[in-house]
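Number of protein chains: 2
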Amino acid sequence: MSPIKVGLLGLGVVGSGTWNVLKRNADEIARRAGRRIEVVAIAVRDLEKARALVGDDVTLTTDGMDVVRNPEIDIVVELVGGDTLAREWVMEAIAQGKHVVTANKALLAKHGNEIFAAAHERSVMVAFEAAVAGGIPIIKAIREGLTANRIQWLAGIINGTTNYILSEMRNRGVSFAEALADAQRLGYAEADPTFDIEGVDAAHKLSLLASLAFGIPVQFSKAHVEGITSLALEDLQHAQRLGYNIKLLGITRAREEGIELRVHPTLVPLQSMLANVQGAMNAVLVHGDAVGQTVYYGAGAGALPTASAVVADLVDVTRLQTAEPEHRVPYLAFQHNAMSDTPILPMDEVVSSYYLRLRVDDRPGVLADVARILAQASISIGSMFQEPAGEQADIIFLTHEAREGAINGAISQIQNLPFVQSAVTRLRVENL
Amino acid sequence: MSPIKVGLLGLGVVGSGTWNVLKRNADEIARRAGRRIEVVAIAVRDLEKARALVGDDVTLTTDGMDVVRNPEIDIVVELVGGDTLAREWVMEAIAQGKHVVTANKALLAKHGNEIFAAAHERSVMVAFEAAVAGGIPIIKAIREGLTANRIQWLAGIINGTTNYILSEMRNRGVSFAEALADAQRLGYAEADPTFDIEGVDAAHKLSLLASLAFGIPVQFSKAHVEGITSLALEDLQHAQRLGYNIKLLGITRAREEGIELRVHPTLVPLQSMLANVQGAMNAVLVHGDAVGQTVYYGAGAGALPTASAVVADLVDVTRLQTAEPEHRVPYLAFQHNAMSDTPILPMDEVVSSYYLRLRVDDRPGVLADVARILAQASISIGSMFQEPAGEQADIIFLTHEAREGAINGAISQIQNLPFVQSAVTRLRVENL
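As they're listed, the protein sequences go chains U and H.
Each step along the first sequence adds one to the number in UniProt numbering, with nothing skipped, and position 175 is 175.
Each step along the second sequence adds one to the number in UniProt numbering, with nothing skipped, and position 83 is 83.
Note that these hints are calculated values from the structure, not bench results.
There may be inaccurate statements among the hints.
Same chains, same names: a pair is fine if it fits in one copy or spans any two.
Computed list of lysine to aspartate or glutamate pairs in EDC-like fashion (alpha-carbon distance at most 20 Å, straight line) [said to hold, decoys possible]:
no. : residue 1 : residue 2
1   : K49       : D66
2   : K5        : D348
3   : K110      : D341
4   : K222      : D348
5   : K23       : D235
6   : K222      : E349
7   : K222      : D341
8   : K110      : D362
9   : K5        : D289
10  : K49       : E349
11  : K49       : D63
12  : K5        : D56
13  : K110      : D83
14  : K23       : D289
15  : K5        : D83
This is chain U alone, in the form it adopts within the complex (with noise of 0.2 Å):
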């Protein structure tokens, strides 16, 4: 089948992103989506900057409607940002009959309505998972994964910036103004990070998730936006004393009025996941009334998490595309014909690392006997220590990485040793 023909709006941080991860992953790709993906054009502001990274092969241009109005293109995706231009492409895309994949939240939740109503009207798609909570398919989770469910709140921490900030305040101790300038110099955080820090962005993308838990119309303009900016360090401190964390989230929760739709700073349970949710990553807890609570974590920007998002949307429509409908989604991930034989590996082939413990006689070399036996088998020892079990000792090793063949073969040596007294225990260790 012939591919499935792209046209790129931007090729700055997620668009080349995009480009990179369509590129390294393109056979791991078309074995899922039963379809190759194909840029073909590309609008950008810096023609010879593009050239360099895409190569021959592309059309480049700068005036997006060169790309919106391609008749080659089937799908269109918007990585501009912005509400004007990207605006103005996205709706002549849609004229055009072309799919759109987009990661603008600002767009969507200023112009959403009207995109999406266009969108309904010409029959064609509009897909946006890279616009909340970057790689964590949060939208499809909800759209999809829930559907079940009367959604009766969700809360998330939706904006990687402030929550690096708010991370670096209570793990270090320093004032707002101090993380906000780290996070500046070490790239969390934009030259003007008003939008982030003022929890607009949260709210543009807090206005969208309502929209798809509840089936209202998105309404950005209605939310309540408050930002971290007058976090006081010492307000960190005293909830940290109550056993509480403060984190920016956005919530919405339906109630029987009506729906709250509100970002700001939160204090939270010391013990709950929100809470210990650290630096730029970014979670969001669901509750229906049938599944409970859900939760939704992973990176919330970046190139590649990002590009993520936006492939598996490209996925989504070429899926749509192409299938059979009663077969759009293969059972496995995987189309049928595209099954792979690689085999399952042999347990003493996985590599681990190891929890041993062994009781020994409490007597001089014992030690040294077990050491040289793991040193034989190139086992390395993380941490060890001993302690007195009557008579004996219990002595306990973390291994560094080896294969299992290899600690099982150290292990049988080890039983045979006359001052050991019981079956050696060994446990796997995985430093997720």
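With chain U's structure known, arrange chain H on it following the hints.
This is chain H only, laid out in the frame that chain U set:
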């Protein structure tokens, strides 16, 4: 549009959960699916008990074949479990050209390849979100949400019974046998818990996840399966001292040489997300080359969470049967013409708990005045502490839930008290 017709096989825990969710959320589900979903026939063991639950409008039978051969039925939902009758009925449903939704991991782990091949032949769906991790949409996440990625590995707590037992051992310092007995008494473990505690159930699920992640046939027979029956409490304690918790994980990893596929007790760092999954909850960590680490958390079992997944699959199949191919999944989860006009609440109507901090002169009567104002506004105080700040003092309150309008009114009054020396700090608290 006429309802889509569903036949249920089984009306046990998950079957009656599915019945109940379809009933109570019928409108919400139809708004998302674009069509009503109607159960028209059910195969049960006890006709009388079933009749009492479902009323008179549904055909009941004790023979599953009556359901799978019923020409009126579009989708068969298999919830009987096991792999003998379930297998016959599912294969016959497929032969009859019906779509199948199942929660049966044992069936798919053993006979999935045969079932998927038959379904492919007949161009019908076999959906099984409920087979792994209950209500967490982990299958959809891997199959559709992460399609851009080469998935490198995944690791999950995918058996609630064993996680409950391990949590009890660690938190209460009891032995495996004691924890198991408690779990059985409380209904977290079955009378014959073998499949759970020996890791077989987790391995069934893991073999399905591995197929989804890597595009390989289902190969349960090649999985390494180790349970928790011989896990000693002291090892949990030693692990803790080393900075680890012990969890029963299913792990699968793609290596150059092949794929690791294994279930066993595993030490994981105390600060990791999986280490902190408590009780019967499930969580799956998926690592993709583009997205990095993502985590999916929620209830892994139970009538309603599992029904949530069953019904999500029903909606997926229904959307596929119904919508124009161009918009199988509505942009905003609900159908275009089913948007509601529920209003967005003004912020004053939001209900929350609050954190208040006041800088006050340190003299008698201060607390009494503040407390009186809060009491008059019907705001009750959860906890409170005071600490000196030079000549003055800071008072910190945590309130119970109150309307934001009431809080703001009280704050205005407090602000006007002569001894209040700075703006009152007000933050919201969500006890998630």
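Hint-by-hint comparison with the structure:
1. Within a single copy, K49 and D66 get their C-alpha atoms as close as 19 Å, which meets the 20 Å cut-off; across copies the closest is 66 Å, which misses it.
2. For the identical chains of this complex, K5 and D348 are neighbours neither inside a copy (45 Å) nor across copies (50 Å), given an alpha-carbon limit of 20 Å.
3. For the identical chains of this complex, K110 and D341 are inter-copy neighbours only, at 18 Å across copies versus 48 Å inside a copy, given an alpha-carbon limit of 20 Å.
4. For the homomeric pair K222 and D348, the shortest alpha-carbon distance between copies (13 Å) is at most 20 Å, but the shortest distance inside one copy (59 Å) is not.
5. For the identical chains of this complex, K23 and D235 are neighbours neither inside a copy (47 Å) nor across copies (47 Å), given an alpha-carbon limit of 20 Å.
6. When the C-alpha separation of K222 and E349 is checked against a cutoff of 20 Å, the pair qualifies only between copies, where the shortest distance is 13 Å, while the shortest distance within a copy is 57 Å.
7. Taking the closest pair of Cα atoms, K222 and D341 come within 20 Å of each other only across two copies (13 Å); inside a single copy the shortest separation is 54 Å, beyond that limit.
8. Neither within a single protomer nor between protomers do K110 and D362 lie at most 20 Å apart by alpha-carbon distance, with minima of 73 Å and 49 Å respectively.
9. In this homomeric assembly, K5 and D289 never come within 20 Å of each other (Cα to Cα): the closest approach is 41 Å inside a single copy and 24 Å across copies.
10. For the identical chains of this complex, K49 and E349 are neighbours neither inside a copy (45 Å) nor across copies (52 Å), given an alpha-carbon limit of 20 Å.
11. With identical chains, the CA atoms of K49 and D63 are at most 20 Å apart within one copy only, with a shortest distance of 16 Å there and 68 Å across copies.
12. In this homomeric assembly, K5 and D56 come within 20 Å of each other (Cα to Cα) only inside a single copy, at 16 Å, whereas the closest approach across copies is 54 Å.
13. In the homo-oligomer, the alpha carbons of K110 and D83 lie at most 20 Å apart inside one protomer (8 Å), although the nearest pairing across protomers, at 52 Å, exceeds that limit.
14. Within a single copy, K23 and D289 get their C-alpha atoms only as close as 41 Å, which misses the 20 Å cut-off; across copies the closest is 13 Å, which meets it.
15. In this assembly of identical chains, the alpha carbons of K5 and D83 never lie at most 20 Å apart, being 25 Å within a copy and 44 Å across copies at closest.
Of the numbered hints stated above, those contradicted by the structure are hints 2, 5, 8, 9, 10 and 15, listed in ascending order.
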